[in-house]
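Chemist: Model the placement of chains B and C on the given structure of chain A, informed by the hints.
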Amino acid sequence: MPDIGFNTLVVLLGATALGIAAGTVGTFMVLRRRALVSDALSHATLPGLALGFLAGVALGIEGRSLPMLLLGAAVTGVLAVLAIQAIARWTRLPEDAAIGAVLSVFFGVGVVLLSVVQGLPTAGAAGLKTFLFGQTAAMSAAEATALAALAVVAAAAVGVLFKELRLVAFDEGFARVQGWPAGRIDLMLMGLVTLVTVIGLQTVGLVLIIALLITPAAAARFWTERLERMTGIAAGIGGLSGGIGAALSAALPDMPAGAVIVLVATTFFLASLLFGTARGLIALRIRRGRMRHTLLDGVGP
Amino acid sequence: MSAQEFIAIDLPALLAALFACLSCALVGNFLVLRRQSLLGDAVSHAVLPGIVAGFLVAGSRETIPMVVGALGAALVAVLLIELVRRVGKVESGAAMGVVFTGLFALGVLMIEQGAARSVDLDADCVLYGQLEDVIWLGPTRFADLADPAVWLTLPREAMQLIVVFAIGLLLVWAFFKELTIASFDPGLADTVGVSSALVQTALVVLTAVVTVAAFEAVGSILVIAMLICPAATARLLTDRLGTQMRLSLLIGGVTGIGGYALGAMLPVWLGAENAVNAAGSIATLGGVILTLAILFAPRYGALARRRRDADLGMEA
Amino acid sequence: MLQRLRDLDFMPPREAGVSPLVVRDLTVAYHRTPVLRRVNWTAPSSGLIAVCGPNGAGKSTLIKACLGLVRPLAGTVEVFGRPLARQRRLVGYVPQRESVDWEFPVSALDVVAMGRYGLIGWGRRVSKAHRQAAMDALDRVGLADLADRQIGQLSGGQQQRVFLARALAQEAQLYFMDEPLAGVDAATEQAVLDVLRELDAQGRTVICVHHDLQTVADTFDHVLLLNGGVVAEGSPATTLTPDNLRATYGARGQGLMG
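Residue numbers (my numbering), protein chains in the order written: chain A, 1 to 301; chain B, 1001 to 1316; chain C, 2001 to 2258.
The shape of chain A in the complex, shown without the other chains (with noise of 0.2 Å):
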């Protein structure tokens, strides 16, 4: 067993906390069918990193102060959000093609001033890159403690709101008939998602922060058909798969963190595709075995 140092330790939770806050947000963007807008949303948050840098230098922030860099993160992703929406709502293009149209053209914007950035004669510009695909050797005990404290905020917000989000998800048209603000429930949802994506920026990386919100709610779905148990067994996965991964990148050597969390992840949809109890392929066949056996014995004599 090798000796766990403190900061490793923080990391290592506040790793599960961002799985936990991704895997319950999470499930709310996968039933309302927008897994594919929180990836044009973590790739949108390259050119906020770097207008967030720039900022910094011209306010004389030395080198990178994270708190400038993560605001400007959640500015443009929101920015991408909006933009998707408006696209949709007020052209003739289709939703996919809003998506892709957004995340590629600012993650373009974001690369253009990343190659700005990096012409700077400035220290800490190098850094920037590590958000691409996270690196949690990169983060202090005290960043790592804000940001998991932050996680637990945006979980418990999901928690508050859950008949909100549930009845939006389920059937807008008929939370608007009631009354409810759905374009701003949708917003709040959407505020969200860009804290956790935010949030795991260090950890995970933009490019892949949007598995940690889809893969363990869309494998909590095999387990059950009930939304509370689905949302809590997203959370389960999704801390796990924090936690096993960020494990796993301290204690190997070339193992980083944020892919290896991914692919924990990815492991265990694998295994809920087959093993779910509620929708598994291994359920899914027995109960089909079971009810020919009875619709034939029915028949016999």
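Hints listed in this document are in silico derivations from the structure and should not be mistaken for laboratory results. Misleading hints may appear alongside valid ones.
[Said to hold, decoys possible] What follows is a list of derived Cβ distance ranges for each label pair:
#1 A:140 / B:1003: 51 to 57 Å
#2 C:2221 / B:1308: 38 to 44 Å
#3 A:67 / C:2031: 55 to 61 Å
#4 B:1198 / C:2250: 53 to 59 Å
#5 A:159 / C:2186: 42 to 48 Å
#6 B:1198 / C:2238: 20 to 26 Å
#7 A:283 / C:2182: 53 to 59 Å
#8 C:2148 / A:270: 25 to 31 Å
Yeah, the Cβ is synthetic: ideal placement off N, Cα and C, and Gly gets one too.
Modeler: Then chains B and C, alone, in the frame of chain A:
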């Protein structure tokens, strides 16, 4: 800047960018029409493990193993997405997300593990390409370009994109009727003897080939941008598919050349020390052109629509 | 506090002379085509009401505009004498069955309980009393024993009844239903008709989009013929005349009454 510099550095990159944009725009028309725009997103991420595998097998950056690996990974990804969607009854967006992130993560892990064995690959360059590294060391003067033989020495990245575009154009031209009917009404296509499943598979393969050919030079993000932006822009400008395809190629070409000029050449002319990333600036220009169309397209633009709604309201 | 204010908004229905629904100059367009043009209609204050018309006549659009689900180009909708936005709690809705995701992880009871959400404030949980009210509504449509079944695992008719139960759980005064009798089995048809009559007997207003002209007179007291605008309205006997049907459905309209 001397002619030699232009021919060695900018010309091959321009050609690579141009034909990457043209190839993507060509295929993109059908993706946008069929609401499969995100196929390019999924495929361009999912090819990573295949590329790394091809690289590890060959031990160097040779085209054939990497392209074979990438194509294999792309097909595996598409099959897995269908499997998860159909068998697991997972909504298609989520199915895509689960599959391509898993494969991409696998690729990243393989790169990191390989890096210990001094594998010279970088996950970053998969995202935004190495257009700046496409160098042509053959001709040195513009006059040399008149010799057809010299064109055969074009760098591999540019060459393979020209070939892919030519093949794609030929296929789309030959099977335009089938592609159109299968995109518009798969059921009808099946009844008149055009297998919509076959068309779908062919389109996936074509997307994968274009993606693989393009992304080494320009990166996966530019591939996604060019699959969608020119076709989407053209879609806002016309109702006829033929016109839309021609427009999208024009827009794709202008975006490729203009974006490269703005990113790689303009800053240097203006006296900046460094150029900015060309793939990024091409994607940005594609976005700017799309935004202009969204706002000002004569019939389907936001302004035209607003005006029309106002007219209707008055009349009513 | 918000709850308190909403309670003050609550107006006792059937106040002398106030119609449950008044539509004025309503014009709705999808894309470039106007679907409804200058519809003016005052719903009668008692009896079951059917909205009939050919495909594309704007029946569902009228209902959606009355519910605030589509934004009209022009015109106003008043519910019990006030703008719709202030009377949400008086309005119930049964949508067309195709409009939701049947794979969604909710049980029949969960769906019916959604009818109570309008009575519960932001961020508050569904209390036991509300769950009981939902259970009672489910019982009224004969599905109490299927309360825990996932919504997609019910038959089409049962799904329709779940939506009806959800509307009942709303305890509204004015109900809009979009083809509640389209393509349902006999048991569901009976359950729907029973509920409609019960609501009518309690003095609530029910407005249904209805497709089958032959059964209009059996069930409904009032019919609105719609084709882009109001063609005719009144009791089925006086409204479903050959002339009116031709004006609504075109030449083939005469044959529709068999």
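Chemist: It remains to establish, for every hint, whether it holds in the given structure.
Modeler: Verification of the hints:
1. A:140 / B:1003: 51 to 57 Å: holds, 53 Å
2. C:2221 / B:1308: 38 to 44 Å: Check passed, 41 Å falls within 38 to 44 Å.
3. A:67 / C:2031: 55 to 61 Å: violated, 45 Å
4. B:1198 / C:2250: 53 to 59 Å: The hinted range 53 to 59 Å is violated for residue 1198 of chain B and residue 2250 of chain C, with Cβ atoms some 42 Å apart.
5. A:159 / C:2186: 42 to 48 Å: holds, 44 Å
6. B:1198 / C:2238: 20 to 26 Å: violated, 59 Å
7. A:283 / C:2182: 53 to 59 Å: violated, 34 Å
8. C:2148 / A:270: 25 to 31 Å: holds, 29 Å
Comparing the model with each numbered hint stated earlier shows that hints 3, 4, 6, 7 do not hold.
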